[in-house]
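2 protein chains.
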Amino acid sequence: MTRKELIAEIQKKRTFLCVGLDTDINKIPKHLLSEPDPIFAFNRAIIDATAPYCIAYKPNLAFYECAGLAGWQSLEQTIAYLRITYPHHFIIADAKRGDIGNTSAMYARCFFDQMDVDAVTVAPYMGQDSVTPFLGRNGKWVILLALTSNPGSHDFQLITDTGGTPLFGQVLQKSQQWADADNMMYVVGATQGRMFEQIRRFVPHHFLLVPGIGAQGGSLEEVCRYGMTDECGLIVNSSRAIIYADPTTDFAHVAAERAQEIQQQMDALL
Amino acid sequence: MTRKELIAEIQKKRTFLCVGLDTDINKIPKHLLSEPDPIFAFNRAIIDATAPYCIAYKPNLAFYECAGLAGWQSLEQTIAYLRITYPHHFIIADAKRGDIGNTSAMYARCFFDQMDVDAVTVAPYMGQDSVTPFLGRNGKWVILLALTSNPGSHDFQLITDTGGTPLFGQVLQKSQQWADADNMMYVVGATQGRMFEQIRRFVPHHFLLVPGIGAQGGSLEEVCRYGMTDECGLIVNSSRAIIYADPTTDFAHVAAERAQEIQQQMDALL
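So the sequence lines, in the order shown, correspond to chains A and B.
Mapping of the first sequence onto the working numbering: position 26 corresponds to residue 27, and the numbering continues sequentially without gaps.
Mapping of the second sequence onto the working numbering: position 204 corresponds to residue 205, and the numbering continues sequentially without gaps.
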């Protein structure tokens with residue numbers, strides 16, 4: 002999906018919500034466990050219920066890999082279902098990959114050529130040749146970790162160099178030499194509050210993928226106050242607060258309600 | 002595998018070689034393509050041929066994920082085969098994972114509880130809570146990226162803070178508060194040459210996993226001169242130069258010869 006198409010979807014649907022498919026077999030409603038593929042059955046129901054209120058889905062790979070072969074099958078099924086049934090939704094493989102050049106190229110093949118997702122999250126620690134193999138496909142995106150939502154984000158990302166630039170700023174600066182705002186986004190955690198002002202000084206026009214509202218405690222209003230651009234420039238993710246809102250047979254209906262509540266807040270903020 | 006057991010294996014076999022199983026369907030000998038699982042058939046032959054000359058195997062996950070379900074199956078088969086047939090070899094899942102705490106915990110379950118590997122490579126960018134969920138299992142290891150072998154290692158890993166410490170040094174320092182030399186190793190590329198002296202000032206006793214000899218051009222002698230400890234303290238990986246040394250039906254025999262050559266050099270260096 003191109004930047005132009007993404008912005009058009011946001012404007013049409015009045016939402017910039019991404020639903021995180023962090024699907025854990027221990028947390029899904031018990032009645033689904035008799036399905037042939039409980040994880041996919043859960044995802045399909047969540048997707049069908051929430052699709053009108055979001056513009057993106059983000060499966061986190063860890064939740065699928067932990068089930069081995071069966072998990073990988075659930076992931077492939079989920080992405081294929083999304084591609085066929087909801088072709089206008091943006092699909093993010095939250096993989097946080099990054100390796101030497103020839104290895105990153107294999108990951109890029111996996112996610113873009115085999116699975117056909119729109120974007121992959123990538124960790125920047127290994128530098129340029131770990132990131133660029135994910136680039137160069139039209140309408141496909143790298144979402145590079147910049148300032149993450151977790152407590153450990155303070156351990157290294159805020160370390161300041163002799164010129165006064167924090168590490169996350171170095172990542173934002175250098176990576177703009179590798180790709181532009183049509184192929185690169187950045188992960189900035191909703192928990193970072195006013196730091197979005199600083200982020201926007203480095204990347205005034207790029208889209209930001211923002212996890213951390215809901216279970217992690219970030220504020221949607223604050224993210225928009227300091228991070229929104231005139232083209233929106235935000236994809237805000239919520240996972241647990243939507244998909245596990247209800248543990249009964251009514252789970253999909255309640256998930257839709259939660260997603261709709263967020264969509265209405267987003268409509269007002271746009 | 003505990004640190005004591007690892008050191009005993011190195012001393013007994015007079016080698017600290019790790020064979021990287023970066024198995025690419027496009028690079029394996031053509032006659033294997035008629036096997037039901039060509040990747041596993043290749044790995045099994047390479048393992049049987051090289052086992053006397055190495056103490057570790059390191060499948061890089063990208064090479065398996067890029068084949069989707071079939072690739073994941075080849076990986077599980079390879080690890081199960083190693084576990085049963087060569088229980089004294091150290092198995093490293095080269096995954097370079099790292100995510101927020103609850104997600105890293107899922108990856109840890111995947112690699113340690115489901116697959117039962119000995120170690121996982123982890124990227125440090127997201128800090129403490131992205132790393133610690135991989136810790137706390139006896140005989141299981143985190144191998145944290147410190148100073149990698151690729152050109153992009155210069156982009157961020159060498160950035161110096163106001164106190165004069167490079168980022169890789171901060172990673173080495175801080176992570177020692179999370180685990181000790183019995184559960185943590187570090188990735189340092191063989192291409193970094195004399196930088197091993199600086200690494201050893203931060204971590205005099207830890208094991209280092211050293212990729213980058215062979216195809217990437219690092220020197221085994223230099224790595225040992227500046228990086229070896231009195232307990233060895235090194236696991237040196239070679240992938241392409243061993244496993245793709247010969248493209249014919251003779252591939253396993255030639256791989257064994259290459260591995261044996263390196264083992265003999267290591268014997269002399271120990």
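Heads up, some of the hints might be wrong.
Heads up, the list lumps identical chains together, so a pair's fine if it works in one copy or across two of them.
[Claimed, not checked] Here are the simulated SDA-like pairs of lysine to any residue, each with C-alpha atoms no more than 25 Å apart in a straight line: (1) K28 x Q115; (2) K14 x R110; (3) K175 x T161; (4) K175 x H155; (5) K28 x L136; (6) K31 x H206; (7) K14 x E223; (8) K5 x G218; (9) K28 x G102; (10) K175 x Q78; (11) K175 x L159; (12) K175 x T163; (13) K28 x D183; (14) K175 x M229; (15) K28 x G165; (16) K5 x A246; (17) K14 x A253.
Hints listed in this document are in silico derivations from the structure and should not be mistaken for laboratory results.
Intra- versus inter-copy proximity for T161 and K175 (alpha-carbon distance at most 25 Å)
both (15 Å within a copy, 15 Å between copies)
Up to 25 Å CA-CA - H155 versus K175, copy category:
both (20 Å within a copy, 12 Å between copies)
Copy assignment of K28 with G165, given that the CA separation must stay at most 25 Å
neither (44 Å within a copy, 47 Å between copies)
Status of G102 relative to K28 across identical chains (alpha carbons, at most 25 Å):
between (37 Å within a copy, 17 Å between copies)
Pop the pair K175 and T163 into one bin, within, between, both or neither, using alpha-carbon distances up to 25 Å.
both (16 Å within a copy, 20 Å between copies)
Indicate which option fits the pair K28, Q115 if close means a Cα-Cα distance not exceeding 25 Å: within, between, both or neither.
This pair counts as between: shortest inter-copy Cα distance 19 Å, intra-copy 29 Å.
Copy assignment of K175 with M229, given that the CA separation must stay at most 25 Å
Answer is within: at 22 Å inside a copy they meet the 25 Å cutoff, but 34 Å across does not.
Are the CA atoms of K175 and Q78 at most 25 Å apart within a copy, between copies, both, or neither?
neither (36 Å within a copy, 40 Å between copies)
Intra- versus inter-copy proximity for A253 and K14 (alpha-carbon distance at most 25 Å):
within (20 Å within a copy, 58 Å between copies)
Up to 25 Å CA-CA - D183 versus K28, copy category
Classified as neither: same-chain Cα gap 37 Å, cross-chain 34 Å, threshold 25 Å.
25 Å Cα cut-off: does K28 pair with L136 within a copy, between copies, both or neither?
between (35 Å within a copy, 24 Å between copies)
With 25 Å as the alpha-carbon cut-off, assign the pair K31 and H206 to within, between, both or neither.
neither (44 Å within a copy, 49 Å between copies)
Hint violations for this structure: numbers 2, 6, 8, 10, 13, 15 and 16, all remaining hints satisfied.
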